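Undergrad: One line per chain: the protein sequences are W and C, in this order. Heads up: the first sequence runs through residues 1 to 565, numbered per this note's numbering. Heads up: the second sequence runs through residues 1001 to 1201, numbered per this note's numbering.
Not one of these hints is a red herring.
Selected chain W positions facing chain C (in silico; Cβ < 8 Å):
id	residue
1	65
2	66
3	68
4	70
5	187
6	190
7	353
8	354
9	355
10	357
11	358
12	398
13	407
14	411
15	412
16	414
Think of the hints as simulated: they come from the structure by calculation, not from any bench. Please read all numbers here as calculations on a predicted model, not as lab measurements. The beta carbon of each residue, even a glycine, is placed where N, CA and C say it ideally should be.
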Amino acid sequence: MRLNIKAKPENTYDAIVVGSGISGGWAAKELTEKGLKTLMLERGRQVKHIEDYPTATKSHYEMPYRNQIPEEELKDYYVQNRTGYAMRQTHKHWWVKDTDHPYTEIQRFDWMRGYHVGGRSLMWGRQSYRLSKMDFEANEKDGIAIPWPITYDEIAPWYSYVERFAGINGKKEGLTQLPDGDFLPAMEMNCVEKEVKKRIEQKFEGRMMTIGRSANLTRAHNGRASCQYRNMCIQGCPFGAYFSTQSSTLPAAMATGNLTLRPDSIVTEVLFDPETQRATGVRILDTETMEYKEYYAKIVFLCASAIASAYILMNSTEHFSEGMGNASGELGRNIMDHHLNIGAYGTFEGFEDMYYYGRRPNGIYIPRFRNLHGNDMDFIRGYGYQGSASRTGWKKSIAELSIGAKIKEEVNEPGPWSFGIGGFGEWLPYHENKMTLTTQKLDMYGMPTVVFDAGPGENEMKMREDMKNSAAEMLEAAGLKNVQTFDDGIALGKGIHEMGTARMGADPNKSVVNRWNQIHKVKNVFVTDGAFMTSSAAQNPSLTYMAFTARAADHAVSELKKGNL
Amino acid sequence: MYTKESQLISRREAIKKAAMVFGGVISTPAALSILQGCSPTQKSRSKSFSELERATVETIADIIIPTTDTPGATEAGAVQLLEDVLFAVRSEEEQNDFLVQLENFERVAKKELGTSFSSATPDQQVEFVTKMHDAAFSQELDWDAPKPFMWQMKEAIVHTYFGTEVGMTQVHQYIQTPGRFDPCVPFSEAGEGGKVWAANW
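All chains, full assembly: derive it from the sequences and hints.
TA: This is the structure in structure tokens:
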């Protein structure tokens, strides 16, 4: 162990949190509020709330090229551009330049990243759903992978705890497969959504449609302002009205006086003392000075994202030839995401004289309705749909529009209502779906890079077929016209819900972390980002990361006090 | 795994999807770009319109969207934006296709008007553009071939116009910070009333 004895006291904290996104922000808040002197390390640049959101109050007409990015520049963002929405003048600065951060795709893997303080909490879709009892029991019931070592009832209070702080809007529906939370007032559906809801629920027993549950404040909450219905969240919110590290957890952590935030600090490995069998801290590369430094702490929280946390453990080879926490051989395996970009849309006839005011940063949600009472499809698990109705655009097509003065009147005859839904499907954990590191290709700092070899299985492909057909079937039944299906293809990563690389389990031979998110054999290292997920369920996962992070932090501090760490 | 099927999403599907994502009924220039077929590569040229090209595009643009109680296409900055987008965002192939078709437009104009388009009288220009416009939109569209010039021109200028401040805030209506969400209000009472909301995507 390369101890820098001189540097040690000033580089020593009670806790180190690696990463400043949704999970890292929560870890920092909880640990500092419990009195721990905490160092938060972020590989990317500093981003200060509001002052570093350069386009927060820019409308599209203020951006060059009608908000588009020149083709030449897009070449540097060849992966991020696969999202279809990331590369816009208004928010391109949140996404990594792929040419600076290469990786290898043995099978296609859409790795969407933001390297800056706040991470993807600044760009996330804010949809916030609880996993259910059914989800935590699924692996065991189906004999898939390994069982979750924790029940819904154990995590439920932690869901409430994080919901109350973050501010999640939603409507209580009493569903088994989508538990209610401690919600702020729900947003409202527009006329067409209300009507489609009614019709779907009439025609399909056991299916329902609710308003999306999102981390946007529907009233002032914890010192933050209510949503102003700009739907410009991804540009940064000057009202702090959606949950992000900057708007929510970071100010809380800072207020304790216990937090030190260090941007431009890439954690390269976790340090380990073989005598105590505990981690002693982390080594970082300061990207400003290009110097390596060591920081020490009693506990380390890895919240760098599923891929990056697994990377750090795999790269911690000083005492572990296969990487720290990899006694089971499961580190970097079982990568999951949600498969999406498949569904249907159509036009709605009626409500021609109705419109709306304001831009709701949220849509509708059709909770899972497949395999709820035993497996009765040709696939297991299920999916939910997200979508919305809207009426932007005008009635006449380009061909039909007049030329001359009359065109200005014609473009103010609103177009028909359209309604569309897209599925979010559960992805099973496959042992063969893995990431590894290679030194054959190095990044701009001379560090090893990630190799992805992971893809969908038969279950995902069969489920997709049903996701597409059921979407069209419901829209037809709801009376929509010109119903069309779409399928953009399946690719891991595109849901930006990558998870599972350090899965949780009771058996140290089959999992990386235990029920408290502690690495089985290195108990003072906690992994609380998407890496710990034992199954993906179909719900957007961030709320689950928040709940498990808060729970793990509580456990860590209690174990520290007992002298167990 | 990126399936072959997904790569083979047809152009037509891509257009429909674009229309859905943008919630609009027009196909966008982004969609337009998907529709472009190949065209022979021209020898390299400056990345802007020549004065003559710009004058012609401005004249056509103002015939499509004239100044009324609100500014027309050129005054609103839509032609400048169209030019910026064409030369910076679109591929060289798309630029060439547009320019070749613009050149062709000039040629046909000269033949029919007996004088260049720019030296024709305003009435002649309106008449000629209207004739070309009606012809472009009366033919059956081949989705796999480049669209006729007037189709491209109209689509591009209409779309670009609604990317300018004038188009968004004076012709359509736009409020950056609505402050609230009213899910169901009569069209006549939404904001200024009787106006389509600008698309701020």
